[in-house]
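Asks: Read off the chains here:
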Amino acid sequence: QVQLVQSGAEVKKPGSSVKVSCKASGGTFSSYSFSWVRQAPGQGLEWMGRIIPLLDITTYAQKFHGRVTITADKSTTTVYMEVSSLTSEDMAVYYCARDSGTYSGSYRTNWGQGTLVTVSS
Amino acid sequence: QSVLTQPPSASGTPGQRVTISCTGSSSNIGSNTVNWYQQLPGTAPKVLIYSDNQRPSGVPDRFSGSKSGTSASLAISGLQSEDEADYYCEALDDSLNGPVFGGGTKLTVL
Numbered sequence: 001q002v003q004l005v006q007s008g009a010e011v012k013k014p015g016s017s018v019k020v021s022c023k024a025s026g027g028t029f030s031s032y033s034f035s036w037v038r039q040a041p042g043q044g045l046e047w048m049g050r051i052i053p054l055l056d057i058t059t060y061a062q063k064f065h066g067r068v069t070i071t072a073d074k075s076t077t078t079v080y081m082e083v084s085s086l087t088s089e090d091m092a093v094y095y096c097a098r099d100s101g102t103y104s105g106s107y108r109t110n111w112g113q114g115t116l117v118t119v120s121s
Numbered sequence: 001q002s003v004l005t006q007p008p009s010a011s012g013t014p015g016q017r018v019t020i021s022c023t024g025s026s027s028n029i030g031s032n033t034v035n036w037y038q039q040l041p042g043t044a045p046k047v048l049i050y051s052d053n054q055r056p057s058g059v060p061d062r063f064s065g066s067k068s069g070t071s072a073s074l075a076i077s078g079l080q081s082e083d084e085a086d087y088y089c090e091a092l093d094d095s096l097n098g099p100v101f102g103g104g105t106k107l108t109v110l
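Residue numbers (the working numbering), protein chains in the order written: chain A, 1 to 121; chain B, 1 to 110.
The following block holds chain A by itself, in its conformation from the complex (with noise of 0.2 Å):
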């Protein structure tokens, strides 16, 4: 049963960074893509980019480009999302989740906890 545990809630100051973690279990972490979505509050999803671990290829959404690393670490089997120049139009819930497979058109399978970033002076 794959599970993705992710890192807790955060608060940050405009145009600070912010780094959240997903580390995987039960499943083989490398042999699927890995994609960050996102969920401002009240709103609905958007997906922010994704990352094949095996490859090491990530591919972001065009809004995000820039702005957004997502990284991965084997040895760990964790996956990292970091976004910059923080916002109040960042604040959501930033979830991870695994994808069927590393094609583009793959779908999320399974999805972690979710984690609250706030941004506020």
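Honestly, the hints are just simulated from the structure, not real lab data.
Since this is a predicted model, take the numbers as computed values, not measurements.
Across the chosen pairs, the derived CB separations fall in these ranges:
| hint | chain 1 | residue 1 | chain 2 | residue 2 | range |
| --- | --- | --- | --- | --- | --- |
| 1 | B | Pro-41 | A | Thr-118 | 18 to 28 Å |
| 2 | B | Arg-17 | A | Lys-19 | 44 to 54 Å |
| 3 | A | Gln-62 | B | Gly-69 | 24 to 34 Å |
| 4 | B | Ser-57 | A | Ser-104 | 21 to 31 Å |
| 5 | B | Gly-15 | A | Thr-28 | 33 to 43 Å |
| 6 | A | Thr-28 | B | Gly-58 | 12 to 22 Å |
| 7 | B | Pro-8 | A | Ser-75 | 38 to 48 Å |
| 8 | A | Gln-3 | B | Arg-62 | 24 to 34 Å |
Glycine is no exception: its CB is placed at the ideal position from the N, C-alpha and C atoms.
Chain B: place on chain A using the hints.
Replies: Relative to the frame of chain A, chain B by itself:
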């Protein structure tokens, strides 16, 4: 403004059948498969339907998906109180090089 369009709300009584629509374009639904997710209050989303009409193991057959052209639908038959949740459609968008979601539909069981 979401790339995929869903009605913001839907409702039904226990035992009824309800459908939720998802409208896109030739760059997403028209050329790629559609997935549906259920998000119960305060929890992470869960995949309900993938590849237009496939159910993961453990998902009741009360849930079904279909697609025609640039639109897709999720149908829930034999509505139950525990189906009250937000539902999201998703599809790869070729022009955006990544998946896009609908704005979500809040289902209320009356």
